[in-house]
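Using the sequences and the hints, build the whole thing.
This is what each chain is made of:
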Amino acid sequence: MLTTFINTITKGDVAGLQHKLLHSTCWSQHLHKAYGAGQIKNRLICLFQQFGKCTIEESFELKSDNEHIICLSIKPEKAQSSVHYILWLETNGQVIKSIDAMLDTMKLDCINKHSKKTILNTLPTPDAFILHDYDQQNHLQCELVTPTNIANISDKLASLLDAWWSIWSAAQLSKIDSIYEKQANIILSGHEDAIKPSALFEFIMNKYAHLSRIFCQIEKVIVDKGKVAVKWYLDGDENGKRIRVPYVSILSFKEGKINQDITIADLCAHKKRYPESDLYRHC
Amino acid sequence: MTQNKITQVYWKDISELLAPTGPKSQKMTGFDEEFIDIVDYIIRITHRIWEQKNIGLCLDYYAQYCPVHTLGSYSDQVDTIVTNTLKTIGAFPDRSLIGENVIWRELGEQDGYYSSHRITSIMTNKGPSEFGSATGKTGRVTTIADCVCFENKIVYEWLMRDNSFLIKQLGIELIDAAKHFATFKAPDEFYKWRKNEINRIRKQELTDHQWHTPIDKTMADFASQWLDTFFNRKDYGPISQFYHLNAKVQWPGGVESVGITGIRGVFIQWLAQCPDALATCDHIAITPFEDKGFDIAIRWSSIGRFLATEPLFSTYNGQDFFILAATHLRVISGKIQQEWTVFDEVAAYANLIRDHDIQQRGEPC
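Protein chains in written order, with my numbering: chain A, 1 to 283; chain B, 284 to 648.
Subject to a maximum C-alpha distance of 20 Å in a straight line, what follows is the list of computed EDC-like cross-link-like pairs (lysine to aspartate or glutamate):
no., chain 1, residue 1, chain 2, residue 2
1, A, Lys53, A, Glu77
2, B, Lys531, A, Glu90
3, B, Lys295, B, Asp574
4, A, Lys156, A, Glu255
5, A, Lys97, B, Glu573
6, B, Lys575, A, Glu219
For the chain B half of the interface with chain A, some residues (derived, Cβ under 10 Å), not all of them:
no., residue
7, Tyr293
8, Trp294
9, Ile297
10, Ile381
11, Glu383
12, Arg423
13, Leu449
14, Ser523
15, His527
16, Asn529
17, Gly536
18, Glu539
19, Ser540
20, Ile546
21, Gln552
Just so you know, these hints were derived from the structure itself, not from any lab.
Where a beta carbon is used, it is the ideal one built from N, C-alpha and C, also for glycine.
Structural data, given as structure tokens:
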């Protein structure tokens, strides 16, 4: 699968990928689900438009049963740096049932030196979406997901992962210093360059200050080859309106600490879904 | 389990589904020899009629008299099915029907098979439709078609389509789509059927369409309790007894949620617009999902007094708010991992408008 996607993105090999897709394959990206040959071809054309001629700087994959995660660092030919693109596949190894892709569009926009308007214009209209309001409090009902209660994780990694999740889900910012290596490499959407743990502290604190009734929800956790991928959502009220930002995080570890954290959200698609949102205005 | 030999669509491409190579895995009495099981029948006839545009095949695959219930209308003649199919394809000429799942049940030698077919359609609105003038926009919609199939023909159908999600993609407001839809007169049989259904649901009675072929009792009880707990008792504490902590649901109009707290919100917010609603479980079908769990198809109906949560619809407060719905549940390790609930909100609101207009004119409902 990795080679297929690399060939598609760098060489424009559409047929190689289409050969692995079903009539019912869903490709979700930019907050829009594409189905059927026509829409999926449009998705590829959009990708070619966004990256242009490009090379893969770094790639790796995580696999677990029918889940397959591909992480690519892609450098457009004329850009100075690369951008992360994470594809979360549901596959049986032969064909792909679904692709849930997360592209760091804000960084891509930045390194392509295009105006935000330009990249916004390449994005599809996000799907109609209603986030019904809910009580974000737990009320001692033990219904909140942590990485360890939906995935098989070794004891050693379990406490580290739950501590990582508490940073986002409970603003337990003090954990940052204890679970990240001092020189950890943190790739976070909204930042042009990798940041250090202290900047992560600022970023999360700002989100908690900006939104009220924050609630974080995990959808999937995959552990493979010493890395962990987490698909999750950040919900909160912004000026009284409940909003949702889907995220994907891939964590790598060294000597019991996180030494790399790639946390990506599609911030341009977010802006297209919520034009009034200022959540990432400082990014 | 013989059910495991029946066609499973999940990992199969359409080319494979259209050319089955295995032996016949169900009796299929009275069906054309080419069909190996009920899933194969549904997938292939849908493809032939809709994607290959052989609309005339409706005459072969539907009974001459075939009641079709939707939330907005009723028909029972195959000619009407041909006409409606043609009109829909005229308005949405590139409509594709992607079969996501077929959950089925054997009804016995005298009754055939029940199928609940979940479909994702992609379609571009190039002609006038039941929602208004052509918009030129492409939309996606989820449909669940529940059919009784007997001797190679569909003899009864309940059709649920998530039209409120579709119209949003076409750039049409729900109130405008509902008002436009309300201008189309439904046949008298529709009003009779709806009145009877409303009375039946209020009395919590079963539908006339009951079959007694065996189904998995544990899963059937689970499905009945799901409906009773959340729609009739309005008890949302036990959500985590029914759903996994990271379960995902899709409801009409673009409602999506992941996780217990969000799913609780979906039920509460929807039922807040008809807080005295009662529901009945009208049919359950259960099939294995690979070797991982079960897929359950529930057809259900509900009635309550409408209480607008949006001021635009407050004119209709206190009127009957009737829903004909279908839900597909994917149950893994005894709990729901994914849910698709489909009903036509446009038709539901159009019915409020129609009833209001009838009352204004002083005509009997």
